[in-house]
Amino acid sequence: MKIIVLLLLAPFLWPFYLVVWCFQNPDKTKQAFGSVRESMRRHPGAWTWAVAALGLLIGIGNLFDAELGGAAAGFALVAGCMGVLLKLRRSAAADVAAAVRARADAQHLAYLRGDEWGIYGTRNRPAL
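All letters in the sequence shown, in the order written, are residues 8 to 135 by the working numbering.
These are computed hints drawn from the structure, not numbers from a lab.
Backbone N, C-alpha and C fix where the C-beta goes; we use that ideal spot for every residue, glycine too.
Among the hints, erroneous ones may be present.
[Stated by the list, open to error] With beta-carbon atoms standing in for the labels, derived distance ranges: (1) A113 with D72: 33 to 41 Å; (2) P22 with E45: 21 to 29 Å; (3) L20 with F40: 15 to 23 Å; (4) L64 with I10: 53 to 61 Å; (5) L25 with A109: 43 to 51 Å; (6) A106 with P18: 52 to 60 Å; (7) K94 with G121: 40 to 48 Å; (8) A109 with K35: 19 to 27 Å.
Working from the sequences, and respecting the hints, build out all of it.
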């Protein structure tokens with residue numbers, strides 16, 4: 008019976024366990040938060056999707072409870088995350104376009120300097 012109660016309460020007890028663990032292991036806490044921060048820097052899109060899902064859960068849950076302020080806050084969080092994702096997508100597209108432009112400029116400058124390797128990097132030209 009005790010294990011069933013613990014399993015049922017586990018989703019609600021993890022924040023308390025986290026706080027107790029942080030106070031018991033202050034040296035590991037800095038390392039853990041550092042690794043989470045590094046993960047957020049490496050994977051901003053995944054973390055933004057996770058926060059958007061949490062905001063959607065908050066918004067829908069508050070909407071069912073007729074708490075319009077909480078629902079508005081949850082949906083505002085989702086809208087903000089979608090804005091961040093749009094910015095990340097545009098930034099990635101701009102990076103790809105900049106790489107294509109840089110390659111085209113490098114090939115053009117090489118051609119102007121007399122290197123006739125062409126676009127595909129071969130000197131084999133068909134005989135006409």
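For each hint, the structure was consulted:
1. A113 with D72: 33 to 41 Å: violated, 59 Å
2. P22 with E45: 21 to 29 Å: About 22 Å separates the Cβ atoms of P22 and E45, which means 21 to 29 Å holds.
3. L20 with F40: 15 to 23 Å: At roughly 21 Å between Cβ atoms, F40 and L20 fall inside 15 to 23 Å, so the hint holds.
4. L64 with I10: 53 to 61 Å: violated, 27 Å
5. L25 with A109: 43 to 51 Å: holds, 46 Å
6. A106 with P18: 52 to 60 Å: At 45 Å between Cβs, range violated.
7. K94 with G121: 40 to 48 Å: This hint holds: roughly 43 Å between Cβ atoms.
8. A109 with K35: 19 to 27 Å: violated, 44 Å
Violated hints, listed in ascending order, are 1, 4, 6 and 8; each of the other numbered hints is respected by the structure.
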